[in-house]
Amino acid sequence: MRYPFAAIFFLLLLATSAIHAEESRLVTSAPERWATDGSSETPDFIRHVVPLFSKLGCNMRSCHGSFQGKNGFRLSLFGFEPDLDRKELLETDELSEGDGPRINIKTPAKSLFLEKPTSSEETHEGGKRMDDESWQYWILHQWIKSGAPYDPSNTAKLVRLETSPKEIVFTNRTQEVQLRAIAWFDDGTHEDVTRLTVFSSNDEGIANVSTEGTVSVSRTGDTAIIVRYSGGVTNTQILVPASDDGQPFPDNFAHNQIDELVTAKLRKLNIRPSVLCSDADFVRRSYLDVIGALPTPDETRKFLADRSPDKRAQLIDHLLEQPGYARYWGMKFSDWTGNSKYINNKAMLSNWLWQQWIEDKLSRNLPYDEIVYGHVCASSLEGRPREDFLAEAQSILHKASGRYNFDDDGTYAKRRTNELYWTNVERRSPDTMVLQTASSFLGLRLECAQCHNHPFDRWTKKDFEQFKSFFMMVQFCDPSTGEERKSGSSGRGYGVESLESGVTWRFEGTVRKTPPKLLGGLEIPYVEDGPDPRIKLWEWMRAPENPYFAPSFVNRIWGHYFGTGIVDPPDDFNQGNPPSNPQLLNWLANNFIEHKFDIKHLHRLILNSRTYQLSWEPNDSNRIDKKNYSHARLRRMPAEVLIDAVADVTGVSNNFGRLPKDRPQRAVGQAMPSMRYGASRGGYAMKIFGRPDREKTCDCERSNDPSVAQALYLINDQDVLAKIDDGSGRLPKLLKTTEDDRELLVELFLTALSRYPTKEELDLHMEHLAGAPSRADGMKDVLWTLLNVREFLFTH
Amino acid sequence: MYKNCDGVTRREILKAGVVGTIGLNLPSMFQLDAGEIAAASGKNAIFIFLTGGQSHIDTWDMKPDAGEMKGEFESIATSIPELRVCEHMPYLAKQADKYAVVRNVSHSQGAHSPGQRYLQTGNRKIPSLEYPDYGSVVAKEHQSPQGVPEYVLLPGGGSNSAIYSSGHLGVAYGPFSALGDPNSKNYSVRALATPEGLTVNKLNARQRLLKQADTRFRNADLSDQDLDGMDKSYQKAFDILQSKTVRKAFDIGSESDKLRDQYGRHTFGQSCLLARRLVEAGTRCVSIYSGGWDTHENNFRDLKNTLLPPWDQGLAGLIADLHDRGLLDNTIVWCTGEFGRTPTINDKGAGRDHWARAMSMLYAGCGIRGGQVIGETDKTASEPIDESYSPDDAAASFYHAIGIDHFKEYHTSDGRPVMIAGKGHPIEKLWG
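Chains as they are written, first to last, in my numbering: chain A, 1 to 796; chain B, 1 to 432.
Rather than coming from a laboratory, the hints here were simulated on the basis of the structure. A couple of the hints might just be wrong.
[To be verified] Here are the simulated DMTMM-like pairs of lysine to aspartate or glutamate, each with C-alpha atoms no more than 20 Å apart in a straight line: (1) K627/A <-> D228/B; (2) K627/A <-> D353/B; (3) K125/B <-> D693/A; (4) K211/B <-> E701/A; (5) K211/B <-> E791/A; (6) K125/B <-> E760/A; (7) K236/B <-> D705/A; (8) K140/B <-> E701/A; (9) K232/B <-> D705/A; (10) K202/B <-> D726/A; (11) K202/B <-> D777/A; (12) K125/B <-> E695/A; (13) K626/A <-> D224/B; (14) K232/B <-> E91/A; (15) K211/B <-> E760/A.
Computed from a predicted structure; not experimentally measured.
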C-alpha cells in the first residue's frame, strides 16, 4: 500500500525517528510511583503535571484555560504552553491575598495549588477536583517539594501515543472494556499513562467512556473513542454489531473495490446492505447528483425502456459529458474555493470569470492537481511580458465596463491560472489565504491554530504562522499601470505575481523572521531570486505521501454522492475526527493518485459502484445506519438544483437577467452572491434554500436544512404559483395536447418524480380531478402537489 | 457528536450542570455580574437598522460650537432638558422622556459590510464563522404562539445593502421576510399572499391532497432528521398561512386612519406600525431595515428632505403608540446604524463619510429609563470622552432587555463553541 492512511495519525506524531519497542524500557506508571508521599522521584512537568491539569479539567476553556484566566489564575488552553503554566504557578496570586502563594516549596501542603483543587465549591469555584492525599495530590506535592522544576531542553519528548485495544467489537453489549494508553518518549522509555489521559466518545449514543477509560456501549453502530495525552491524540474504534437476525448477507454484492471495502465493514457490524435501487430511482438520482438537473420525461422513458444490461454505466458516461457537469461541479468548486466577493467594482464579472475558469478546466477534465496549481500558484503574468498581461486585463475590464458585460470569448477562462483566488478582496489578509487554502485543498480547518494550538490535532500556532508565510511571498500590482501596490491601498483591481528580484514587498520583514514551513513538513526559507516558493508548496501538496491532498478531495466527492463523508464533515480532517472507513478512504485516494488525479475517473468509479446504486429503502438491519453506506441517504436538493427543478417541471424558465453568452437561465452555475440577483430574480429563493455566499471558509456554509420559509415558498410563493399558472408553461400545453387525464397524470409524474405513478396514486388524483371546478384547475392542484411532496424535494 | 474545543460534549456540560460538582458550569455563571442590573422585564424586540450609517452629529449628538463641522442644521429643545436634537426631528423631540440616547458607542469597523455584520450580530466579523442576526437568536430562544413566526423582517424604505443572515444557526432560524411595501395601497405579504384563485379554501384543499399524496417515504418507516424537519416545517407553514392572527396582524388597512397618519404614510412609518401589530400578535423580534443613510454626498439635503422626516415620524409614532398600549413595558426598541459619520464635511459635495469611532443609538422599553442621555463625545463628536461602549455592549444590552443570556454558548455544526454576544456587557446605565 502506497498510502497507509490508518497509520498516518501515528506517523505524524513521529517527528523524530521511531523508537523500537525492544529498545524502550517500560517505567512504572504515575499512580503507582506516587501512591504515597514516600516517593523520592521527581514528577516530570510535561509528562505528569501538565497532563494532570487536562485530566482534572483545570485548563479547559471554561476554567483556567480561558484566555482571561479564571479568578486571576490562568493556565494555557489544554496545556499547550507549559512555560506559561509554570510561570503562572510560581507567581503569587494577587487576587487571593492572605491565601498564600500558589506554590510553597518549603511547605508544599500550604500551596494554593494543592489547597484549591482539593476543596469544595465554597473556596474553589470549580469545585473539588481531586482527593486529599490521592496519587494526583502526591504528584503535585512531590513536584513542588522538588522545587517545581521544568527544563524544556532536558525533557523527554512524546513521540507516540498508543491505545490498546485499537479496535473493539462489542458482541456482548453488557461487556465493559478498559482502554490502556501508552506513551512512548524519545529518552528510551515508555509509560502507562491511562490515568493521565483524557478519553471522550465521538458518539455517546453508541459508546460511552468513563474518565478512567472504561468503554460501555448502548446501540448498534460504530464510533471512535478519542484519546488525548500531553498534546498527543489517537483513537480506538468501537464497533457494536447488530444482533444476528438469521438472514444471510447478500452474495455477489460487490461490483468494484469500493463495494468490497464497504461490505467488509458492514459484515463486521452485521448490517446488511439494502437492495439495488430501481431504474427510476437511479435515473433521477444520477441526473441530480452529476449534472444537478432532473431528467426530462423523455430521458426517463428512454432509460426505463432500455434493455441493455450496462445501461447504468452508459448513462453515467453520458452524464459526465454533458455541459451541466461542468456547470454543476464548477459550482461545487466555487463553493470549496470561496468564489465570493469581487476583486474590483466589476463584481458580476469577477465571479463569472472564476466560475467559467473552473468550468473550462472541468470540461477538459484537467487533472485535479493541475487545477489546484491554477489556484495556489496563480500569476497574472503567467510568464508573459507585462504588456501582454496589461493588454489582457484592460481588454477584460473594458468588456466588462457595462453592468452586464462578460468575457464572452473566454480569454480568462482559458488561462492556466486563476489569479482571482489571490486578488479577491476578501483575501487581502494572509490569514484568510491560509484558512482558505487549507480548507479548499487539504480539508483542514486551521481556525483553532490561528489563536491557540489545535485541540484535536498537532497544529500549533507556530505552524500556522509559518505556513502563512507562503501566502505572504507575492506581490500585487495594478493591472492598469503595472505598479506595485502601495501599502494601505484597497487592493481592488490588482494582479498577483511571484516575487521579482529587487522588489520590496509588504511582508518581507515578517517572512524573514518567520520562514515558511510546510504543515508537518520542511522549512522552505525565502531565497532572494529563488524559485517561486508557492511551487514548493504545491509540490508538497500533490505528493503521493501527502496525507490530506488526495484524501480530502475524494472524500468531498464521496460526501457529495452519499450525504456523509468518510471523514465527516468532509472538510474537517483532524485526529479527533477519524475516517469511518479508513481502508476505503485510503483505497480511493490511492486509486485517484494512480490515475493521475483524473476527476472523471473518480466520479465513474463511485457512480458505478453498487454502493452508490443502493436503494434508499432501509431493511431491518440497516435502518439506523447513517454512515456506513448500507443504503442511500435522503438528501434535500441543494438550493440551485431545486430552483431549476421547479422551473423544469413547470416548464417556465427562470430569469436571472443577462448572462454570459450561450448560458442557459439555470440557477446551477450562477456565479454571483444570491442577493445580487434581486429578490424577484431568484435571489430570495437561493437565500432561503441555503445557497452559500462563500464568505466563510467552511463547507457548512451551504445549508440543506429544511425551514419554514422554504415550505412557505413552495406552498405559496408568487415565483412558484406564477410558474404553475403561466400560460406558456408545461401544463397548459399538455392540457391542449393530451385529452386523457390518466395519460396527463403519467406525464406529470414522469416530469416531477421521474417515475410512473402507482395505481393508487392515479386513483387519488383522478378522484381529486372529479371534484375540481375544472380540469385545468384540478391539474394545477396536482402539479402543485408534485412540487410539494417530499419525494420531489429530496434526492433519493 | 461533535465536541467543543475542550473536548466536552454538550451533554456532558448539561450533566455537569445538574450534578454541579465539577467545574464545567456554563460560562454565564462565572461571568454574569448578577445583581448589578435589574432583571429586565422584556420579551419582545423591535430592531431598527439604519443601513449606510446615520450621521450622529446631525441627529442625536449635535455640536453647535463645532464651527465648520457643525453642519447646516440647528438643534431644538426636547421634552427633557439634557437633550437637544436636530431641528428635523420634531416628533422624536416630543417623546424624549420615553427613550434613552447612548452617545458614546465606538468601534473600528469603518466599512459597510464588516460594520453592518458587527451591528447586526454584536460580534465582529471573522472569516471562519458567520454570526446570526439578533432576530435569529431571538427566534431560537423565544417561542411564538402556534402559527406566528418568531422573527419577521420588514422593509424600512430606501435602498438597502445589508445582508441578513441566520449564520451558524442555519436557515431554520432565518426571518419570515415580508418584503412588500406596507404603505402601498393593496399591501400583501409575499409569503401570505393569496393570489388570484388561491383562496384559503383552495389552500386547505391542496393541503389535504398533499397529505394523501405524500406517502412514498412515510410508508417506508424511515427515521431521517431532514425528512422529519421538512414535515414539521410544512406543518408550521400551513399553520402560519391558515393563522387568522397573522393574517390579521398584516392587515394594516384595518388600522384607523388617524393612527396610520400618526406613524406617517411612508414605508418606514407603516413598517413601524406593522411591527407593533406583529408584536401584539406574538412575534418575538421584528427587524426593520431602512436604507439610504450613506450620505457621502448631499448629506444635509438628503437628511432634511428624504431620510429624517419619515424616520422621525415613524419611530416617534412607534414609541408613543407602544407606550400608550403598555407594550413598552415588555418590548425593547433599539435603533442604530452601522457607524456614525465624519464630523468633517467633505468637499465632494457637502457629504459626510464613514466614521466608526463615535456613533449614537436609541433604546426604549423593557425598563430602560427614558429621558436620559448616556455618554458624551468631544467637542466635534469625533470620539467619546472617558468611557465608551462597543457594539458588543450594545447587543448585550438588547439581549439583557428581553431576558436572553448573551453569554449563552451555542455549538456550531462543526462543534465550535460560540457565545451569543460573549464580548459584551449590558450598559448598566440604561436601567439606572
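Now the hints, each set against the structure:
1. K627/A <-> D228/B: Given that 20 Å is the threshold and the Cα spacing comes to 19 Å, the pair holds.
2. K627/A <-> D353/B: violated, 54 Å
3. K125/B <-> D693/A: It holds: about 14 Å lies between the C-alpha atoms, which stays within 20 Å.
4. K211/B <-> E701/A: Not satisfied, since the Cα-Cα distance of roughly 32 Å exceeds 20 Å.
5. K211/B <-> E791/A: Holds, at about 12 Å.
6. K125/B <-> E760/A: violated, 54 Å
7. K236/B <-> D705/A: At roughly 15 Å apart (the allowed maximum being 20 Å), D705/A and K236/B satisfy the hint.
8. K140/B <-> E701/A: At roughly 19 Å apart (the allowed maximum being 20 Å), E701/A and K140/B satisfy the hint.
9. K232/B <-> D705/A: Holds. K232/B to D705/A sits at ~12 Å (cutoff 20 Å).
10. K202/B <-> D726/A: Holds, at about 18 Å.
11. K202/B <-> D777/A: holds, 10 Å
12. K125/B <-> E695/A: holds, 11 Å
13. K626/A <-> D224/B: holds, 9 Å
14. K232/B <-> E91/A: violated, 57 Å
15. K211/B <-> E760/A: holds, 14 Å
Going through the hint list in order, the structure does not satisfy hints 2, 4, 6, 14.
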